[in-house]
Amino acid sequence: MGRAARLQRIEEMLLASGNGLTIQEIATSLDVHRTTIWRDITDLSMELPIQESGNRYRIARDEYISNIKLNQGESLMLYLALRRLMRSQVHLPPLMAQALEKLSLALRHPSAKQLAESILVLQAGQPTDRERQKIWEVLVQGWVERIVVRIQYQEVQRTVIEELDIQPYQFEPAVLSNNLYLIGKVGPSGFLRTFNIDHILKATLTTARFTRPEQAVIESMLRHLWGIQSGQGLTQVRLRFQDPDVIDRIQRTVWLPSQRMDENADGSIDLVVEVADVFELVPWIRGWGPDCEVLEPIELQAQIHDVQANHGGLTMTTKEQKALSFSDEFYTSLDEVFDGERIKVCLQCSSCSGICPFGYIMEYHPRKMIAALRAGVFDAVMEDETVWMCVSCYACTQVCPANIPITAALMTRTKEELLLAGNVPSELQEALENSQRYGNPLGESPRKRADWTNEIKPEIPILAKAKEPVDVLWFVGDYPSYHPRTITSTKAFAKILQALDISFGILGPEEQSDGDSQRLAGEKGLFEVLAENNGKAFAKYEFKQIVTTDPHAYNAFLNEYPKLGITYPVQHYTQFLADRLEQLKPMLKKKVEATITFHDPCYLGRVNEVYDPPRALLEAIPGVELVEMTHSRENSLCCGGGGGGMWLDGFQWEKAHARLSEWRVREAVSASGADQYVMHPPIPEKKKGKKDTEARSNGKVGILAVACPYEAPRFEDAVKMIEEASKLVVRDIAELLVESMGI
Amino acid sequence: MKIVVPIKLVPDLVDEFEIDASGKALDTTFMRLILNEFDEHAIEQAVLIKEKGGGSISVIAPEYDGADDVLFTAAARGVDKLIKLTGDFESTVSTHSLAASMSEVIKNEDADLILTGVQAYDSFDGPIGPFLAEYLEMPYVGYVSKVSVSDGTCTVHKEYPGGVAAEMEIQLPAVLGIQAAEEPPRYIAISKVRQASKSSTIEESAAGEAIMGGVATLDRMYVPEIGEKAVMFSGDEDQVADQIIEVLREIGIL
Numbered sequence: 001m002g003r004a005a006r007l008q009r010i011e012e013m014l015l016a017s018g019n020g021l022t023i024q025e026i027a028t029s030l031d032v033h034r035t036t037i038w039r040d041i042t043d044l045s046m047e048l049p050i051q052e053s054g055n056r057y058r059i060a061r062d063e064y065i066s067n068i069k070l071n072q073g074e075s076l077m078l079y080l081a082l083r084r085l086m087r088s089q090v091h092l093p094p095l096m097a098q099a100l101e102k103l104s105l106a107l108r109h110p111s112a113k114q115l116a117e118s119i120l121v122l123q124a125g126q127p128t129d130r131e132r133q134k135i136w137e138v139l140v141q142g143w144v145e146r147i148v149v150r151i152q153y154q155e156v157q158r159t160v161i162e163e164l165d166i167q168p169y170q171f172e173p174a175v176l177s178n179n180l181y182l183i184g185k186v187g188p189s190g191f192l193r194t195f196n197i198d199h200i201l202k203a204t205l206t207t208a209r210f211t212r213p214e215q216a217v218i219e220s221m222l223r224h225l226w227g228i229q230s231g232q233g234l235t236q237v238r239l240r241f242q243d244p245d246v247i248d249r250i251q252r253t254v255w256l257p258s259q260r261m262d263e264n265a266d267g268s269i270d271l272v273v274e275v276a277d278v279f280e281l282v283p284w285i286r287g288w289g290p291d292c293e294v295l296e297p298i299e300l301q302a303q304i305h306d307v308q309a310n311h312g313g314l315t316m317t318t319k320e321q322k323a324l325s326f327s328d329e330f331y332t333s334l335d336e337v338f339d340g341e342r343i344k345v346c347l348q349c350s351s352c353s354g355i356c357p358f359g360y361i362m363e364y365h366p367r368k369m370i371a372a373l374r375a376g377v378f379d380a381v382m383e384d385e386t387v388w389m390c391v392s393c394y395a396c397t398q399v400c401p402a403n404i405p406i407t408a409a410l411m412t413r414t415k416e417e418l419l420l421a422g423n424v425p426s427e428l429q430e431a432l433e434n435s436q437r438y439g440n441p442l443g444e445s446p447r448k449r450a451d452w453t454n455e456i457k458p459e460i461p462i463l464a465k466a467k468e469p470v471d472v473l474w475f476v477g478d479y480p481s482y483h484p485r486t487i488t489s490t491k492a493f494a495k496i497l498q499a500l501d502i503s504f505g506i507l508g509p510e511e512q513s514d515g516d517s518q519r520l521a522g523e524k525g526l527f528e529v530l531a532e533n534n535g536k537a538f539a540k541y542e543f544k545q546i547v548t549t550d551p552h553a554y555n556a557f558l559n560e561y562p563k564l565g566i567t568y569p570v571q572h573y574t575q576f577l578a579d580r581l582e583q584l585k586p587m588l589k590k591k592v593e594a595t596i597t598f599h600d601p602c603y604l605g606r607v608n609e610v611y612d613p614p615r616a617l618l619e620a621i622p623g624v625e626l627v628e629m630t631h632s633r634e635n636s637l638c639c640g641g642g643g644g645g646m647w648l649d650g651f652q653w654e655k656a657h658a659r660l661s662e663w664r665v666r667e668a669v670s671a672s673g674a675d676q677y678v679m680h681p682p683i684p685e686k687k688k689g690k691k692d693t694e695a696r697s698n699g700k701v702g703i704l705a706v707a708c709p710y711e712a713p714r715f716e717d718a719v720k721m722i723e724e725a726s727k728l729v730v731r732d733i734a735e736l737l738v739e740s741m742g743i
Numbered sequence: 001m002k003i004v005v006p007i008k009l010v011p012d013l014v015d016e017f018e019i020d021a022s023g024k025a026l027d028t029t030f031m032r033l034i035l036n037e038f039d040e041h042a043i044e045q046a047v048l049i050k051e052k053g054g055g056s057i058s059v060i061a062p063e064y065d066g067a068d069d070v071l072f073t074a075a076a077r078g079v080d081k082l083i084k085l086t087g088d089f090e091s092t093v094s095t096h097s098l099a100a101s102m103s104e105v106i107k108n109e110d111a112d113l114i115l116t117g118v119q120a121y122d123s124f125d126g127p128i129g130p131f132l133a134e135y136l137e138m139p140y141v142g143y144v145s146k147v148s149v150s151d152g153t154c155t156v157h158k159e160y161p162g163g164v165a166a167e168m169e170i171q172l173p174a175v176l177g178i179q180a181a182e183e184p185p186r187y188i189a190i191s192k193v194r195q196a197s198k199s200s201t202i203e204e205s206a207a208g209e210a211i212m213g214g215v216a217t218l219d220r221m222y223v224p225e226i227g228e229k230a231v232m233f234s235g236d237e238d239q240v241a242d243q244i245i246e247v248l249r250e251i252g253i254l
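These protein sequence lines are chains E and B, in that order. Mapping of the first sequence onto the numbering used here: residues 1 to 743, in sequence order. Mapping of the second sequence onto the numbering used here: residues 1 to 254, in sequence order.
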């Protein structure tokens, strides 16, 4: 791989990676030395917005301007497409004009070699027809280098083959068909004519050169061409429309540059055009059926009348064209989500529905939702409430062989629509209303957001009071601020920050929910409001990076806030601490004698590919034996709290009579070996006395380590429900570190 | 069918109340106001009636801090006209006085039906519904949990204590005190509220002179005091649990 190709590849890799890549990862992937990659990244940084955070490099997507390099042929194709689009616009969007301007600049400096290559692109549809390939090659070269071209031309329905010397002025797509035309001046007589490129049988370059007229001259010529067809003189065509709906449609498009609309006293309108040839007009007029009445010329009136007399009943009219159904509108709206159009390539393999932890209970599971979309009956999905079983765990997205963003596009958009219709389970409604009103889903007072710090010494600095720049803005989050169980983990992390002598501060009452789970529960507007409020608070203070213990907040700051223009380097606390492992290690003095298994949080692992830092921290604790559960890393099972699941426990229990957290806790028991006797073999119900349990217990302590504020309370509740889990302890990684540090 | 819904805001219980220096009123420095829950049900009930049989809804709110947001949320629910009663509502206003001011606005609205929350927890001198009915010379029924309208009359479902319910027919126009809407208020996506705040306007109407008559004087406002026989537990969960166990032991249950 050459350097240019490698730089391109690195750019692509950095763009594709949500969480960034290390130099080593890139070097391994491209099979070159790290020094080379280091040099490449340094060079790329000159022109690309590359950010470094904890030795990981990524491209800030919102600042990225794509660097598409086009050859002449590709430029021409885009130019033609844009011209085609422009012609049907009543108001020209500035973006379209800018794009056209850039493309025309690219076309102004031709290079013969590039042009030759571009022909291959132009002729991709007919790769075996060398003759046609040659024709295109010659025409493009003649057009770019202003060389007279000799062609053999055969018009439609004619047997005569003409041989003509033409000066190729302009390529132009047809208005109402997909044909491509070449406009050129013919021979010494010098009249302008249009040629359907498909009807050019042969083309060769001559030695003569020509001067192209001003573009304005060519444009004025194009005004009278309906679909661009050669012909002699101009004919005025007058078409009358009566139906108000059709009139509305007619008035919204420029059908032909030369068109004029005459409004009549009775409310009807006449569309008047002057065309070179009425031939191409016929299919268009027929398309309107009885809604379009031909007034002149008489010959055309007669021709259309005949057609309608014979096939009148079958002609399609706009009256029969219904507005886009909800189902189709929803289908189209998915295109707006990143990669959303990939839903069209769904294989219906049902991997998504199979891996979905609640797929078995959903009337419309992801695969069936897509099938309903395709069948145009998505309304049925909207009437079903099982989409609220979705915990946005990304397992479906992860497994999809067609890389369809099922969670981000399909599931979240469906929830958004349900929510806009006011159709929300009451538990979730309360959490969302609380988030609107108090900035946290728990419905706690925003003034008490920093109350957990009350008795901590030394004091936890609140930025509004401290008024000093800090290295780390610790975004505490909702549950870590208010939930009694999670506050224990919060306090543990505070101790670690203080022990490491980190310069940090929190926002306190100014902090609001990160909003990510609300967003995934379908409340996008609320997410934006919360993000804006947090963004304003961030902007008030000086800090180098954000650290959070909440993977949902981490995901929001990393992937979602930048879309709203709020961009700060962010790390999950496990990444932040793993980066400081050398400093931390000597402090981990006390042994923690336990078999520990780590639960990968969906929004840390599967979504953002952070798997190793939490494990590195656990392994650094002396005495710990780290084991993996059956489902780990990208296959991790969801705790059930994501995507609004945290606020749908009752709803989901009612539907499934199962808790995802219990499933996970059973795996943890099995992996950590805590009290395995219960499972193998199970004790008969009668004999299960307390004494018996103690006698047969292996006494081994298993710890389920977590790194997300949703998890400790969820898993501890699950532990209480499962008898064989009685020896399993749930601990946040921060709590385990503090235990080992003895602080 | 023209429905008018007079609403008001009440202190939000999310924060503990503090009594101000006068000892006769709440300290409003950090006090948040929230739409009276019963009034929210009154708005939802009005929207449900409109959805079934058409009509238009006007909502009237006194000018409290946050009233605009409450009105725009009502618009997002399907309310057509937003009216803000301007004046000084900072100090506690008697229900007599508020009802008098609101009735003046309602008279201009040519209403067929007036729905309001059956009560509010800061009502000093009684709920607003009966006062409104008196000022407007209309019949009043309170504790209503279902309303259906047909041609000049409406049938309401009213609950009595002791598990008895009644259905009664009332000639319109009438004032109803809503206990609960037929269906709980729906969730209003924040984007809809934002949209409503752009597309709807709030009309302002000045409140008249406050009416002082018929109102008792407030001597003292205070946090309930511990009775002589009560024992209060304090401390964290573990300490409180220990104290409870201690008491249970003392009285011989454990």
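Bear in mind the hints are in silico, worked out from the structure with no lab data behind them. There could be a bad hint or two in this list.
[Stated by the list, open to error] The calculated lysine to aspartate or glutamate pairs, modelled on DMTMM-like cross-linking and capped at a C-alpha distance of 25 Å, are: (1) E:563 to E:47; (2) B:198 to E:293; (3) E:448 to B:27; (4) E:457 to E:510; (5) B:198 to E:47; (6) E:590 to E:510; (7) B:192 to E:47; (8) E:465 to B:183.
[Unchecked claim] Restraint-style ranges between C-beta atoms, simulated for each label pair: (9) E:371 to B:194: 32 to 42 Å; (10) E:464 to B:230: 36 to 46 Å; (11) B:184 to E:325: 29 to 39 Å; (12) E:248 to B:194: 24 to 34 Å; (13) E:12 to B:14: 41 to 51 Å; (14) E:42 to B:28: 52 to 62 Å; (15) B:182 to E:248: 35 to 45 Å.
All residues carry an ideal CB built from backbone N, CA and C; glycine is no exception.
Worksheet item: Which of the listed hints are not met by the structure?
Response: 2, 5, 6, 7, 8
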